[in-house]
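Enquirer: As they're listed, the protein sequences go chains A and B. Using numbering that gives the first Met the number 0, read the first sequence as starting at 0 and increasing by one per residue. Using numbering that gives the first Met the number 0, read the second sequence as starting at 0 and increasing by one per residue.
Any given hint could turn out to be false.
[To be verified] Which stretches of chain B does chain A cover? Using the computed rule of at least three CB atoms under 8 Å from a CB of chain A, they are: (1) 25-32; (2) 75-85.
[Claimed, not checked] Restricting the straight-line Cα-Cα distance to at most 20 Å, the calculated cross-link-like pairs of lysine to any residue (SDA-like) are: (3) 115(B) / 162(B); (4) 79(A) / 92(A); (5) 163(B) / 138(A); (6) 92(A) / 57(A); (7) 92(A) / 78(A); (8) 81(A) / 104(A); (9) 19(B) / 158(B); (10) 45(A) / 8(A); (11) 156(B) / 102(B); (12) 45(A) / 5(A); (13) 154(B) / 178(B); (14) 115(B) / 145(B); (15) 45(A) / 7(A); (16) 75(B) / 127(A); (17) 72(B) / 58(A); (18) 75(B) / 178(B); (19) 168(B) / 132(A); (20) 19(B) / 72(B); (21) 168(B) / 135(A); (22) 72(B) / 129(A); (23) 72(B) / 140(A); (24) 81(A) / 42(A); (25) 75(B) / 133(A); (26) 45(A) / 3(A); (27) 163(B) / 113(A); (28) 81(A) / 58(A); (29) 115(B) / 184(A); (30) 72(B) / 156(A); (31) 72(B) / 146(A); (32) 156(B) / 78(B); (33) 75(B) / 135(A); (34) 72(B) / 92(A); (35) 72(B) / 137(A); (36) 115(B) / 158(A); (37) 72(B) / 136(A); (38) 72(B) / 113(A); (39) 72(B) / 138(A); (40) 45(A) / 106(A).
What the hints contain is simulated information worked out from the structure, not anything from laboratory work. Glycine is no exception: its CB is placed at the ideal position from the N, C-alpha and C atoms.
Listed here are the chains, written in short residue letters.
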Amino acid sequence: MQEIKENLINHIKANFPDATEKEFDGNRLDFNVDKQCIPSILTYLKDRLGYIHLSHIACVDWLEEGEFEIIFIVWSPEEKMKVFIRTRIDRDKPVMPNIDMIWRQANTYERELREMFGVEFIGLEAPDEFLLEDWDGPPPMRRDFDTEAYADDTFWHRPGREDALDVREEIIRRSREEIPDFAKKYSR
Amino acid sequence: MINDKNSQKIVDIIQNWSRKHSIWVLAYGTGCGAIEIPPTMTSRYDAERLGVRGAATPRQADVLLITGYLTTKTLKRVIRVYEQMQDPKYVIGFGSCTINGGMYYDSYNTIKVLDKYLPVDVYINGCMPRPEAVLAGFGKLQQLIAEGKANGATKYKENLEWYKGNQKKIIPNWVMPEYNW
Numbered sequence: 000m001q002e003i004k005e006n007l008i009n010h011i012k013a014n015f016p017d018a019t020e021k022e023f024d025g026n027r028l029d030f031n032v033d034k035q036c037i038p039s040i041l042t043y044l045k046d047r048l049g050y051i052h053l054s055h056i057a058c059v060d061w062l063e064e065g066e067f068e069i070i071f072i073v074w075s076p077e078e079k080m081k082v083f084i085r086t087r088i089d090r091d092k093p094v095m096p097n098i099d100m101i102w103r104q105a106n107t108y109e110r111e112l113r114e115m116f117g118v119e120f121i122g123l124e125a126p127d128e129f130l131l132e133d134w135d136g137p138p139p140m141r142r143d144f145d146t147e148a149y150a151d152d153t154f155w156h157r158p159g160r161e162d163a164l165d166v167r168e169e170i171i172r173r174s175r176e177e178i179p180d181f182a183k184k185y186s187r
Numbered sequence: 000m001i002n003d004k005n006s007q008k009i010v011d012i013i014q015n016w017s018r019k020h021s022i023w024v025l026a027y028g029t030g031c032g033a034i035e036i037p038p039t040m041t042s043r044y045d046a047e048r049l050g051v052r053g054a055a056t057p058r059q060a061d062v063l064l065i066t067g068y069l070t071t072k073t074l075k076r077v078i079r080v081y082e083q084m085q086d087p088k089y090v091i092g093f094g095s096c097t098i099n100g101g102m103y104y105d106s107y108n109t110i111k112v113l114d115k116y117l118p119v120d121v122y123i124n125g126c127m128p129r130p131e132a133v134l135a136g137f138g139k140l141q142q143l144i145a146e147g148k149a150n151g152a153t154k155y156k157e158n159l160e161w162y163k164g165n166q167k168k169i170i171p172n173w174v175m176p177e178y179n180w
C-alpha cells in the first residue's frame with residue numbers, strides 16, 4: 000500500500016508541482032490543487048494511473064473563511080485506492096471548470112451542487128432544474144441559509160410544538176432515575 | 000335518484016356498507032412510510048381480509064394513502080393524483096410528518112400540515128406507524144364510512160377555493176390543469 004502511495008505521489012508531483020499531498024491511514028490519499036488544474040489532474044488520473052471511477056463530487060462550505068471546498072473522489076479498482084482531489088474556490092463568485100466530458104455522470108453531481116450551493120460549472124449542459132422545483136430562495140445547503148426561518152415563512156405549522164420539552168428530563172422526573180455522567184452532555 | 004327521503008336513507012346505508020368493505024388503496028409511496036405497506040398487505044397482517052387492497056391507477060382507487068413527508072415537489076403530483084380519483088375517495092395521512100412535519104419540521108421543502116392542502120379523513124400517528132396502527136386506521140376509516148362521516152371529498156368540493164389558494168401559495172408556477180366540479 001505504501002509503495003502505491005509513494006508511486007502515486009511521485010507521479011502527481013512530477014506533473015503537477017503545485018499539488019500538496021496529505022496521507023491517511025488505509026487506502027486513502029488527498030491532494031490539494033488549484034482549481035485550474037482540476038480537469039487535467041483528473042484526466043491524468045483516469046487515463047494514465049487507472050483511477051477510472053468517479054465516486055463523488057462533494058462541496059464543503061467554509062463560511063468563516065469565505066470559501067467553498069470542492070472535493071472529487073476517484074477510485075482505482077486495480078490498486079484499491081481512493082484519491083481525494085480538493086480545491087478551494089471563492090465563496091462570493093463560485094465558478095468551477097466543468098468535468099462532465101471526462102465522466103458523463105459528473106453532470107448529475109454538478110447539477111446538484113449548482114442547486115444546493117450555487118456553484119457555477121462553466122458550460123454545464125443542464126438547463127432545467129434538478130431537485131428543487133420553482134425554487135426562488137438562496138441555495139439551501141449554504142450554511143448561512145436559515146432553514147427554520149425559511150420554513151416558518153413559507154409553510155404553516157400546527158401549533159403545539161413550541162414548548163419543545165426535553166423528554167429525557169420528564170422521564171427522569173417521573174422515574175427518579177439518575178442520568179449517567181456520559182449522557183449529561185447530550186442533555187439540553 | 001330516488002325522491003323519497005326514507006328510501007334514499009336505506010340506499011345510503013347499503014352504499015356505505017359496500018364501500019366500507021372494498022377499500023382499494025392507491026399504491027403511491029410518497030415518503031418512508033411506504034415501507035410499512037408491504038407487511039400490512041402480506042400474509043402476516045393480511046389487510047385484504049378487511050377488503051383493503053392495492054389499486055393500480057388513481058381512477059380505480061378509493062383511498063389515497065399519504066405515507067410520510069410531502070415535499071412541495073411531491074405535493075404537486077399528489078394533488079394531481081387526488082383530483083383524478085373518482086368519488087368516493089378518501090385520504091389517510093400516515094405518520095407524524097403529515098400531521099405536524101415530524102422530524103422535518105424545519106425543512107425547507109416539506110409541507111408540515113397536510114390538511115391545509117388536501118382534505119384528510121383519518122390520520123394515523125407514529126413515526127413510523129406499525130402495521131397494527133395502519134389496520135386500526137383503516138378500521139377507523141371503515142367506521143366513518145359506515146356512519147357516512149368520511150366526507151373529505153365533499154369538503155374539498157365545497158371549499159375548493161380555499162384549498163386551491165393554499166396549494167398555489169407554495170406552488171407558484173401552476174402548470175397543472177384546473178379541475179372544477
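Enquirer: Now tell me, hint by hint, if it's right for this structure.
Expert: Against the structure, the hints come out as follows:
1. 25-32: violated (count 0)
2. 75-85: Coverage by chain A is violated for the region 75-85 of chain B (1 residues, Cβ < 8 Å).
3. 115(B) / 162(B): holds (7 Å)
4. 79(A) / 92(A): violated (36 Å)
5. 163(B) / 138(A): violated (27 Å)
6. 92(A) / 57(A): Holds, because 18 Å separates the two Cα atoms, which is no more than 20 Å.
7. 92(A) / 78(A): The given pair, whose Cα atoms are some 37 Å apart, is violated under the 20 Å limit.
8. 81(A) / 104(A): This hinted pair holds, its Cα atoms lying about 18 Å apart.
9. 19(B) / 158(B): The hint is violated at about 25 Å.
10. 45(A) / 8(A): Distance of about 15 Å is within 20 Å: holds.
11. 156(B) / 102(B): violated (31 Å)
12. 45(A) / 5(A): holds (18 Å)
13. 154(B) / 178(B): holds (15 Å)
14. 115(B) / 145(B): violated (25 Å)
15. 45(A) / 7(A): Measuring from Cα to Cα gives roughly 13 Å; hence the hint holds.
16. 75(B) / 127(A): Satisfied, since the Cα-Cα distance of roughly 18 Å is no more than 20 Å.
17. 72(B) / 58(A): Answer violated: residue 72(B) to residue 58(A) is near 24 Å, above 20 Å.
18. 75(B) / 178(B): holds (14 Å)
19. 168(B) / 132(A): holds (14 Å)
20. 19(B) / 72(B): violated (32 Å)
21. 168(B) / 135(A): Between residue 168(B) and residue 135(A) the Cα gap is close to 13 Å, so the pair holds against 20 Å.
22. 72(B) / 129(A): Measuring from Cα to Cα gives roughly 11 Å; hence the hint holds.
23. 72(B) / 140(A): holds (18 Å)
24. 81(A) / 42(A): Within the cut-off at roughly 15 Å; holds.
25. 75(B) / 133(A): Distance of about 11 Å is within 20 Å: holds.
26. 45(A) / 3(A): Roughly 16 Å between the alpha carbons, so the hint for residue 45(A) and residue 3(A) holds.
27. 163(B) / 113(A): violated (32 Å)
28. 81(A) / 58(A): At roughly 17 Å apart (the allowed maximum being 20 Å), residue 58(A) and residue 81(A) satisfy the hint.
29. 115(B) / 184(A): violated (39 Å)
30. 72(B) / 156(A): holds (19 Å)
31. 72(B) / 146(A): With a Cα-Cα distance of about 17 Å, the restraint between residue 72(B) and residue 146(A) holds, given a limit of 20 Å.
32. 156(B) / 78(B): holds (13 Å)
33. 75(B) / 135(A): Holds, at about 17 Å.
34. 72(B) / 92(A): Roughly 29 Å between the alpha carbons, so the hint for residue 72(B) and residue 92(A) is violated.
35. 72(B) / 137(A): holds (17 Å)
36. 115(B) / 158(A): Satisfied, since the Cα-Cα distance of roughly 13 Å is no more than 20 Å.
37. 72(B) / 136(A): Between residue 72(B) and residue 136(A) the Cα gap is close to 15 Å, so the pair holds against 20 Å.
38. 72(B) / 113(A): Judged against 20 Å, a Cα distance of about 18 Å means the pair holds.
39. 72(B) / 138(A): holds (16 Å)
40. 45(A) / 106(A): Roughly 17 Å between the alpha carbons, so the hint for residue 45(A) and residue 106(A) holds.
Against the hints set out earlier in the document, violations occur for numbers 1, 2, 4, 5, 7, 9, 11, 14, 17, 20, 27, 29, 34.
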